[in-house]
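Numbering of the sequence shown is given in my numbering, commencing with residue 908 and proceeding in unit increments.
Calculated from the structure, these hints are not laboratory results.
Here are the simulated DSSO-like pairs of lysine-lysine, each with C-alpha atoms no more than 27 Å apart in a straight line: (1) Lys1118 to Lys971; (2) Lys1042 to Lys1005; (3) Lys1042 to Lys1053; (4) Lys1031 to Lys1118; (5) Lys967 to Lys1031; (6) Lys967 to Lys1118.
Simulated restraints, written as ranges between beta carbons of each label pair: (7) Glu984 to Ala1004: 24 to 30 Å; (8) Arg985 to Asp1080: 24 to 30 Å; (9) Ala1027 to Glu1073: 38 to 44 Å; (10) Leu1014 to Glu964: 32 to 38 Å; (11) Glu1066 to Gln983: 24 to 30 Å; (12) Thr1067 to Lys1003: 39 to 45 Å; (13) Thr1123 to Thr954: 17 to 23 Å; (14) Lys937 to Arg1000: 33 to 39 Å; (15) Lys1005 to Ser1064: 37 to 43 Å; (16) Ser1096 to Gly1074: 20 to 26 Å; (17) Asp962 to Arg985: 18 to 24 Å; (18) Arg973 to Asn1108: 26 to 32 Å.
Yeah, the Cβ is synthetic: ideal placement off N, Cα and C, and Gly gets one too.
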Amino acid sequence: MRRTDEKPDREDPRTSAEYRVVETAKRQKKQGKIFVISGPSGSGKTTLLNKLIQDREINKLLIKSRSLTTRPRRWQERDGQDYFFVSRDEFRRLLKAKKILEWTRYLGYYYGTPRELVEARIIKGGHIGFCLDLKGAAILKKIYPKNTVTVFVLPPSLETLKARIEGRSKSIDKEEVAQRLALARRELSAASDFDYCILNNNLQVALKELKEIVLTHVGS
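Working from the sequences, and respecting the hints, build out all of it.
Here's what the structure looks like:
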């Protein structure tokens, strides 16, 4: 029993309303990072991001975003893991409902980023990685300037790039190879607009550089 002349215990500051408001504000400011990996078709950007996610240290910090696409599924791809494969009508419906954060048309097919997937992740302080084209990278950088870190993957040469594209699939014809190389030349000219550039001449070296970039920013 407390005596009437005793002073009450000092209130724990962690229980005050003011403290809770301040801590909530801090949590909101500590949002997650968005890592956008871009580069020409055949540069190895998707392989680099997939390998990065498999790293034990990075796997605890970063998830890979999955895009919506209207293109046919390749034999090794799984719906919901590599992409969300949808019809053109469904893609248009989601776009009209503003459920797609950014989108692009590539070789006749549509690709888009689900808004809910990104925002749910970064608001909670989680980090997310993307493989996007130049337009998508620029849009995310504009919408989330403080969250987004952009990385451009450079191929050793256009000759190497051509060989990688041709070796990727027997179903790619000469016309598509030419289209991809023409687009690659335009994309390479924009590399200086990115926060970082990585030369993918050696996969392990490039992967190490990408990991260092991620670890540098997730603590900031």
